[in-house]
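All chains, full assembly: derive it from the sequences and hints.
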Amino acid sequence: MQLTRTQQPRIRSAYTRQNPPPDEPPEGVAELTGWQLAAAQWRRHLPDDLLGVECVACQIAWPCDAWDIANDILNSSRDCADQHDEPVDATREEVPETLAPRPRSRYAAETEMA
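Quick note on numbering: the sequence shown equals residues 1 to 114 in full-length UniProt numbering.
No lab work stands behind these hints, which were simulated from the structure alone. One should not assume that every hint holds.
[Claimed, not checked] Computed spacing ranges between beta-carbons, pair by pair: (1) Gly34 with Glu54: 25 to 31 angstroms; (2) Gly28 with Ile60: 30 to 36 angstroms; (3) Ile69 with Tyr107: 54 to 60 angstroms; (4) Val53 with Gln83: 30 to 36 angstroms.
Please read all numbers here as calculations on a predicted model, not as lab measurements. For glycine and all other residues, C-beta sits at the position ideal for the given N, C-alpha and C.
Rendered as structure tokens:
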């Protein structure tokens, strides 16, 4: 049983029909191919122009599963990219550029002397 338009939950999308997702992912998105496929699906599965209640590609109630999945991928990709752009905590200890040499094992020292 499909839900009517008023029964369906509100949709969170960073994009609109007038401002669709770009073909190329924003800076910071790691999964380039996933973004490109999701953006193409998002644009392909928009609602019809007349009433906006059916998916143009699927001919079923909009948002269809394909659009919903593509929208989730785009939102997740953007959220992950935004999280990685946060500044690093300045109070954390810096990692040394070079590591101190590890102490040699007793076995290595013994075999070298022999």
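Distance restraint hint 30 to 36 angstroms, applied to the beta-carbon atoms of Gly28 and Ile60: Holds: the Cβ-Cβ distance is about 34 angstroms, inside 30 to 36 angstroms.
Consistency of beta-carbon spacing, Gln83 to Val53, with hint 30 to 36 angstroms: Given a distance of about 35 angstroms, which is inside 30 to 36 angstroms, the answer is holds.
Pairwise beta carbon distance, Ile69 to Tyr107, judged against the given window 54 to 60 angstroms: Distance hint for Ile69, Tyr107 holds at roughly 56 angstroms.
Quick check on a hinted range of 25 to 31 angstroms for Gly34 and Glu54, using CB atoms only. Since the Cβ atoms of Gly34 and Glu54 sit about 27 angstroms apart, the hinted range of 25 to 31 angstroms holds.
Violation of the numbered hints given earlier is absent; every hint is satisfied by the structure.
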